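Student: Chain by chain, the residues run as shown.
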Amino acid sequence: MTHGMLSGEVFENLRLELRRGCLTLAVMVELQNERYGYVLRKALAEQGMEIDENTLYPLLRRLESQGLLISEWREEANRKKRFYRLSKDGEAILERLIDEWRSINLSLEMVIGTGAGLRRED
Amino acid sequence: MADLVDRYLHAVKLVLPSEDILAELREDITSQIEEREADLDRALTDDEIAEILKKRGHPSLVACRYLPQQYLIGPLYPVYVFVVKLVLLWVILPGFVLTAPIVYATAGNSAAAMFAVLGKLPVTLFSAFGVITLIFVACEKSWIASLQGTWSNWDPRRLPKVPAYPPADRLPRSTSIGELIGGFFWTGLWIYMAIHGFSVDVLGAHCSLPSIWREVFWPELVLLAAGIVLAAVIAFTPELVRAYAITRIAIDCGAILIAAVLFIPGAAVAISGPLLSPEAVAHAEYGVALGLRITWISLFVLFLVDILAQIARLRRGRSKPAWEMRSTSAA
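Chains A and B, in that order, give the protein sequences. The opening residue of the first sequence carries number 1 in the numbering used here; numbering runs sequentially from there. The opening residue of the second sequence carries number 1001 in the numbering used here; numbering runs sequentially from there.
Check each hint, because a few of them may be wrong.
The list that follows gives simulated cross-link-like pairs (lysine-lysine, DSS-like), each with its CA atoms no further than 27 Å apart [to be verified]:
#: 1; chain 1: A; residue 1: Lys80; chain 2: B; residue 2: Lys1161
#: 2; chain 1: A; residue 1: Lys80; chain 2: B; residue 2: Lys1141
#: 3; chain 1: B; residue 1: Lys1085; chain 2: B; residue 2: Lys1161
#: 4; chain 1: B; residue 1: Lys1054; chain 2: A; residue 2: Lys80
#: 5; chain 1: B; residue 1: Lys1085; chain 2: A; residue 2: Lys42
Hints listed in this document are in silico derivations from the structure and should not be mistaken for laboratory results. Source: prediction; values computed, not measured.
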């Protein structure tokens, strides 16, 4: 395996790891309004948060089993669709997660800023 | 369009038999296809649908994403759980049904001896659990390695066709493999017991099961063999739900009959040993007899529950499952 291939694979793994937690947050934010899977996936993609169906649906199941989402099968346009929305517990958790995200983001910006400054001094 | 999607969902269902998930997957695939058709202003060709399905991933991989996270064992997890339960049951059952009463009756300090037997149980259970886990991890790693190529170079058009009949819940292959392993295990044990004349030596005490056990040897062997043949047939033809359920009910009825034959005359278990006092023998025989009676009642309940489950399966087979309900636009 060449160095380029290895670093590409390492980067991809790290990128996926970095995105994993963000996707949960993004899904929860989007589900403050009721949506079904396909529309949710499109809404996320339109905002730059691409998520493939094999990640989204298992994630929705997990969040539902944790009591953070409520789902319901309903008919729309002659087809049965499963609609998801945030539960009361989900809303409370989301509020805390957003605070946490902002705090992490702020700290990271500071860390990245300091790192960038040090690199410039070098 | 529906044919390729049906075949895809059918392949997912072989690993993940959840109507709810399949219905949701169908909805997502249909939405994606319809959107693409609206963009192109024409119906998609089979090749284009195959491309969409291929992008979603191999059905086994898609199904595995929904399974609970098992870091050591993935697709083989249902079979693994079945084998663990079976082997642990075999460690616990003889441990308590046969060994514990004899130890209690023969040892001078009964309480201490019982604690000694109980103390060994966690180590035995843990060892059995560890060995099974290691075997399954090794099997799965080699199996997954052999499937890597299949998962990346697969063609949705080569997926098996969905059978024309409407069985509601085809049998997952893990169930038949589990039943096959269980069938061989119990058959081996049954033959082993017969070879040893349905008697066992435990800690210097000789325990002989009543002669009725020898008389039911052949009927029980026929039932076990029928179970193995059934599991083997179902492993290759999981769509034979009705035949499976009817045969299973027949086997369960036979098993209940044999359990009743062994239960009704009472368990006249004979225990002997040079160091045993008459009281100790009576004590041990009573304990083993009680243990066997509890076992028969438990088995009776288990077989009865299985018969009810098979009847429910037969009834479900009359209705079409949710994931096969095609929308008007998709059909």
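Student: Give a verdict on every hint.
Tutor: Do the hints match the structure? See the list:
At roughly 25 Å between alpha-carbon atoms, Lys80 of chain A and Lys1161 of chain B fall within 27 Å of each other, so this suggested pair holds. Annotation: proposed proximity of Lys80 of chain A to Lys1141 of chain B is violated, straight-line Cα distance about 39 Å (limit 27 Å). Restraint check for Lys1085 of chain B and Lys1161 of chain B: not satisfied, since their Cα atoms lie roughly 34 Å apart, outside the 27 Å limit. In summary, the hint linking Lys1054 of chain B to Lys80 of chain A is supported, as the alpha carbons are separated by about 24 Å, within the 27 Å threshold.
Straight-line distance between C-alpha atoms of Lys1085 of chain B and Lys42 of chain A comes to about 44 Å, which puts the hinted pair past the 27 Å bound.
Hint check: violations occur at hints 2, 3 and 5; the rest are consistent with the structure.
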